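Asks: Taking my numbering, the leading residue of the sequence shown gets 200, the next gets one more, and so forth.
No lab work stands behind these hints, which were simulated from the structure alone. As the structure is a prediction and not an experimental result, all values here were calculated from the model. Note that the Cβ used here is the ideal one computed from N, Cα and C, for glycine as well. You may find that some hints are simply not true.
[To be verified] Derived Cβ-Cβ restraints for the label pairs, each shown as a range:
hint : residue 1 : residue 2 : range
1    : 319       : 360       : 33 to 41 Å
2    : 470       : 351       : 24 to 32 Å
3    : 507       : 309       : 34 to 42 Å
4    : 307       : 479       : 13 to 21 Å
5    : 505       : 406       : 39 to 47 Å
6    : 322       : 249       : 40 to 48 Å
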Amino acid sequence: MSRFLRTFLFSLVCFSLFAIGGITAYFKIFDSEVTIPQDQVDKLDLSDKDPFERAILESKRVNGILLGVNEGMTDTIMFCSLDTENKKMDIISIPRDTFYHRKGYNGAADKKINAAYSSQGIDAVLGGVQNLLGDKVPIHHYGIIDYKGVEKIVDLVGGVEVDVPINMRYDDPYDKPPLRIRISKGRQVLDGKKAMEFLRFRQNNDKTGYPDMDLGRVKAQQQFMTAFLKKAIGLKLPNIIKTGFKYIETDVNISDGLSYGSKVIGIGSEDMNATTLPGEPRYIGSTSYFIHDPDETEKLIKQLYGVSEVDETQTEDDDI
200 MSRFLRTFLF SLVCFSLFAI GGITAYFKIF DSEVTIPQDQ VDKLDLSDKD PFERAILESK
260 RVNGILLGVN EGMTDTIMFC SLDTENKKMD IISIPRDTFY HRKGYNGAAD KKINAAYSSQ
320 GIDAVLGGVQ NLLGDKVPIH HYGIIDYKGV EKIVDLVGGV EVDVPINMRY DDPYDKPPLR
380 IRISKGRQVL DGKKAMEFLR FRQNNDKTGY PDMDLGRVKA QQQFMTAFLK KAIGLKLPNI
440 IKTGFKYIET DVNISDGLSY GSKVIGIGSE DMNATTLPGE PRYIGSTSYF IHDPDETEKL
500 IKQLYGVSEV DETQTEDDDI
């Protein structure tokens, strides 16, 4: 299978639902209560904690990493955060070319976040994402999506409507089976087969593609994920979860996933937010990377946890 999985679905849910099977993973990932019970939080001494640390300890958020894996490489990486108290979902897409240098891995390709899984496994990916987002950010669960689930899940919900930004024409005769992508620009409902092609697309035969390259693929993934999740939530979630389960590897069992389905009912598109890790594409030597912006990333994470600059300023004043 060629370089595939260019997606994911938000709880797809994910990337995998996130391009793949999405919603199953999300349900399985986020059902278990891993936040600290309120009675235990009340007993904690938070007086020496800064506003950000306090917000995390008191938060009802559950965070998970969703991966779309193909040929041992992670084609998609997404950080998903569910606010169980306010019923809101946030997704941060991590571009696969994000620069992440691991000790002992000095090759140009090894310094991309998507290389961590094939050489060191899921723990390396979790550590890498946490390093990029900030060591204070907890990652409670993970989900790994098999691309084969995308087609079946999408057909199960009756297709997904997306606005295809460009004409897509690509052939890979060496793929098994041979890959042939033919999708015209414009709004349309994609069935399972076309959805896989849409998510797989990287560039045309003439080397043209998304104007903003990898970021364009990320935006396409986010559009697909949001549309899928919005539609899936209104359908028979148990059927979707059971179908997707066989294509998802996660550290949460299926019974937890099934019980969680009812909890997300009521979450609307206005309660979902998808964004990309702050940063910019840049060449280092002859290799193209995505260089993340630590300061903007910290601001983004603090927004998720409701921490403002005013809160931190007040804390500094109290310490004077």
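Asks: Does each hint fit the structure? Answer for all of them.
Replies: Hint-by-hint comparison with the structure:
1. The supplied range of 33 to 41 Å is met by residue 319 and residue 360, whose beta-carbon atoms lie about 38 Å from each other.
2. For the pair residue 470 and residue 351, the beta carbons lie near 27 Å from each other, so the given range of 24 to 32 Å is met.
3. Remark: the range hint 34 to 42 Å for residue 507 to residue 309 is upheld by a beta-carbon distance near 38 Å.
4. As the Cβ distance of residue 307 to residue 479 is approximately 18 Å, the hint placing it in 13 to 21 Å holds.
5. A hinted range of 39 to 47 Å holds for the C-beta pair residue 505 and residue 406, which are about 44 Å apart.
6. At about 28 Å, the beta-carbon gap between residue 322 and residue 249 misses the expected band of 40 to 48 Å.
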